[in-house]
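Q: Using the supplied hints, reconstruct the complex from the two chains, each of which is provided in its own coordinate frame.
Spelled out, the chains give:
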Amino acid sequence: MRANTWAGRNKVKVRDVPDPKILNERDAIVRITSTAICGSDLHLLDGYVPTMQDGDVMGHEFMGEVIEVGQGVDPGRLRVGDRVVVPFPIACGACGACAAELYSCCENSNPNAGIAEKMFGHPVAGIFGYSHLTGGFAGGQAQYARVPFADVGPLKIESDLTDEQVLFLSDILPTGYMGAEMCDIQSTDVVAVWGAGPVGQFAMDSARALGAAKVIAIDKEPYRLQMAERAGHTA
Amino acid sequence: MTQLATREAAKARQEDVQRRGRRLGWVSLGLGVAQLAAPDTVRRISGVDDSPTTRAVVPLVGARELVHAAGLLTSRRKSVWAWTRVVGDAMDLASLGVAIAHRSGRRRRRLVAVTGAVVGITVVDLLTAVQATRAKKIGSAPTARGSREGGPMELTATTTIRKPPPKVYAFWRDLGNLPTFMAHLEQIRTTGDRTSHWSASAPFGKDVEWDAEIVDEAPGEKIAWRSTGNADVPNAGTVRFVPAPDGVSTEVHVVLSYDIPGGAVGKAVAKYFGEEPHQQLDDDLRRLKQVLETGQVVRSEGAPWGKRARKEFPQRPAQPLSDSELAKGADS
Ligand SMILES: [Zn+2]
Ligand SMILES: [Zn+2]
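Just so you know, the protein sequences line up as chains A and B, in that order. Those letters in the first sequence? Residues 1 to 235, by our numbering. Those letters in the second sequence? Residues 236 to 567, by our numbering.
Worth flagging that the hints you see were computed from the coordinates, not collected in a lab. It is possible that some hints are incorrect.
[As the list claims (entries may be wrong)] When the alpha-carbon atoms are kept at most 30 angstroms apart in a straight line, the in silico BS3-like pairs for lysine-lysine are as follows: (1) Lys-156(A) x Lys-457(B); (2) Lys-118(A) x Lys-11(A); (3) Lys-13(A) x Lys-563(B); (4) Lys-398(B) x Lys-118(A); (5) Lys-502(B) x Lys-118(A); (6) Lys-11(A) x Lys-21(A); (7) Lys-11(A) x Lys-220(A); (8) Lys-220(A) x Lys-21(A); (9) Lys-21(A) x Lys-506(B); (10) Lys-563(B) x Lys-506(B); (11) Lys-402(B) x Lys-457(B); (12) Lys-398(B) x Lys-457(B).
Quick caveat: nothing in here was measured; it's all calculated off a predicted structure.
Same shape as in the complex, but just chain B (with noise of 0.2 angstroms):
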């Protein structure tokens, strides 16, 4: 499945979920009101009208009832609001199951009666909550984290520039430029016509360098390239240029996929990227945005050194810099 489709599906369960969770709350909210407003009628259908403590009881579990309608029906987190009414089913049956064993005839028969009910509910009650609690699994997200172990991450990102296809091509076909709004790249050398050697900063290792070669390009449309050789980190990207709706603006689409090895340069790597990596790509591809569109990566008193401006945060305070703190540039 692509990550789209398991993305849809984990939506597509978790919705179910909610519907079921809100169901259960109706019924919550319906026993929980007749157990308040009319508790002699209870007790008298469940056949314990002869003991005066359930007239304190029965109230008492219409109000957890009520709770219980409350969580279902207005918290997203279903699976904890569903394991409650679990445990009060629990409370049920130990209740239910003292009261026949204290009565015979028309009473022992109506509480058998009610107790079949009950466990009909508890059944329902379970599989609710067991559902509830896997689709909670299934929807959480992997993080960069998740590949310690190694293994494949594909990131996308998008972005709409105000020029025109060839010349954001132009730009980035012109792999020089990449590292000049990319945050990790250093350098990208032009070797030939498809071939390229690149370098990336720390904390992918010191002095990270691998050979690229272009393996696809469509002027104006499209590029796609690969590491060759033996890169510590094998990736690969594709950039694809695409005309706007707006006849003056392009729509960048990025992917970029990388085989993060295992061991201590996977770990570096999966640190590098932190929880959330597509936030650095988005980050790349705003400072493509400024440099096309405005000439500069923008700079401010507290993200004075462009690209670099994420690894600062807190930032330096938002007022101007001194000349020695200037000269030194990034690496004060």
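If we strip away everything but chain A, and leave its shape as in the complex, we get (with noise of 0.2 angstroms):
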């Protein structure tokens, strides 16, 4: 298959790599029909997140349509020929952060979370395509993919609603969103949004979502207030 892969700072190559397989039993294989790039990948690009190694599939954020899984995964939660939006944290779903539906934290999903502990005093759950310290995974940017624990994170779109509409839950849609609820918004409140980028203005309707009476957006760059503007938040 074509992937997106790191090939030193600041480069990255769309190469031939071989399709990924089935490794653990509860894995899946997806093939994508949507990928995104994170404002959080140009940290990988620019050689800032330590641990990536030239030939790294990057991404993590993806969705398409199940086309194998291990015979780990309980049929009642995913089938062959699902079409699945993937979140990027990679969830075993009974660790104990699992259970208590920090699903981020995962206790289990990180073959590298030894090295992560002794790096950051604490460890990280697995992430796709996000260096060898949250797993060395190989990520969505790519034709295919495979993701691990499939029946615990993928969530099923059984709607037609289109990709475009629905490819943000892999990670940015829910990162603006968890941003607005922190702030326990209330009817009366007016809430002000400081960068108006693609987390910004998920967070601005997230906070329109939870009730603000007023929504603010602050940036620098004029198209950036006029997409919050369109989208109905003052400038």
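A: As structure tokens, this is what we get:
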């Protein structure tokens, strides 16, 4: 398959790499129909995040169609043919963190957790295409991807919503929503969002959905402010 | 003393050094500020207000005191900075010696008094520096490398697994399961109710095998074992299964001890365990948790071979494996 790979600081290359294979019983293989570039991919690109290696497949925001499942995947949860959005943190669904629905803190999904623990002082969950510190998982800026614990994370899309309407569930919509949710927004609140990039736009929409009286966008780029205005916010 | 008590004592000593170092830092700060802000007063009290050279020297000494102060107050490396103060004291005493030799009467008496005070400060500085250096030596942790000459090595590790104690106990008690998560173990064969035959992978050397027996056990709570006969590396272990406060999980507490021999075998063992032998046991328990909670050791494209992952850093790139790589497995 073709995949976008890291090729050293400030260099990426689309290369031919082998097709992904099932490595654990609860894996699935997804044929990717849409994928995104994240702002945080820039930290990988410019070498800010350590433990990137030449040839690492990048990308942690993707969706597609399940084309293969491991024998350990519960057919009640996921089957070949399902259309799914794949969340970027890999979660086992069984550890203490997952039981508390803190999926991004999964204690089992990172085979390199020991190295991460040494570097950060605490382990981190596995993440697709995001350095070897977060597990060394091949990412989703590719034609296919292997998804571990496929019966836990992937969200099945059973409606006729388009890819662009649901793709952002993989990372930045929940990221913006979390920011708004942490504000404990009341119906009388005026909420200002500094930075009207993609995450900021989602934070604004989330603030409105959570009942803010008024949402104000702050940015130095006119096109971003116009986008916020088109969505009904105050620029 | 237990390892923990030793560590606590080293910590207490280190805290004491930090406190004394900070005190000297404040002294330096006071002296430095006085010498810079009111050099003429300092010169008069010291009895050197007759020499124009001291008009330049006193503020310079003051500036040096501020450097000591900055080091002692902000750095944790008190031993280095305490020694810089000792060097400064030596310089001061030398200058004072010269000054005394050239003076008499009231000025000489003042200089002698100041010199006496500096000697006193020098003694305090010297004691602090020596103590700080000693605390640093004692405080540094021993590593497996230190055991190249042979001797006992004890490793401890703990994890919490979201399964009840009887289940975790039963998994461990079926000793054949241990190699699925313990990196260095190749195989364990049960030979009797309490006896078993263990084999470990290189770098213990080729075909390192030994017999072991369970010496103490309490179902659902604890298993203790030790090697028997002529093991190359006599070893013992204890694992305790403690109900966690959440009422669902089990805390697994493991203590392993190896009696590392001298010579070639000892060297190989020390090399195998590396600088941080605890890391391996931590990783073993992480895999135990993965197996019990999720069913398998987790694999990624970068670390595709489960328990052998640790030896592969830097890893293979995070991109899918080819068919031939997959067929060859961990030995490719
Ligand atoms: Zn992202
Ligand atoms: Zn988990």
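Q: The structure should be examined with respect to each hint, and the outcome stated for every one.
A: Okay, the hints, checked on the actual structure:
Only pairs whose Cα atoms come within 30 angstroms are accepted, and Lys-156(A) paired with Lys-457(B) is rejected, the gap being roughly 44 angstroms. The suggested pairing of Lys-118(A) with Lys-11(A) holds, with an alpha-carbon distance near 28 angstroms, which does not exceed 30 angstroms. This hinted pair checks out: Lys-13(A) and Lys-563(B) have alpha carbons roughly 28 angstroms apart, not beyond 30 angstroms. This hinted pair checks out: Lys-398(B) and Lys-118(A) have alpha carbons roughly 26 angstroms apart, not beyond 30 angstroms.
For a cut-off of 30 angstroms, the pair hint linking Lys-502(B) to Lys-118(A) stands: about 25 angstroms separates their Cα positions. The hinted pair formed by Lys-11(A) and Lys-21(A) meets the criterion: a straight-line CA distance of about 26 angstroms does not exceed 30 angstroms. The hinted pair formed by Lys-11(A) and Lys-220(A) meets the criterion: a straight-line CA distance of about 28 angstroms does not exceed 30 angstroms. The hinted pair formed by Lys-220(A) and Lys-21(A) fails the criterion: a straight-line CA distance of about 45 angstroms is larger than 30 angstroms.
Between Lys-21(A) and Lys-506(B), the direct Cα distance comes to roughly 35 angstroms. Violation of the 30 angstroms bound is thereby established for this hinted pair. For the hint pairing Lys-563(B) with Lys-506(B), the CA-to-CA distance comes to about 27 angstroms; that is within 30 angstroms, so the pair holds. Taken as a hint, the Lys-402(B) and Lys-457(B) pair is honoured in the structure, with Cα atoms around 12 angstroms apart against an allowance of 30 angstroms. Between Lys-398(B) and Lys-457(B) the CA atoms are separated by roughly 16 angstroms; this keeps the pair inside 30 angstroms, and the hint holds.
The structure fails to meet hints 1, 8 and 9 from the earlier list, while all remaining hints are met.
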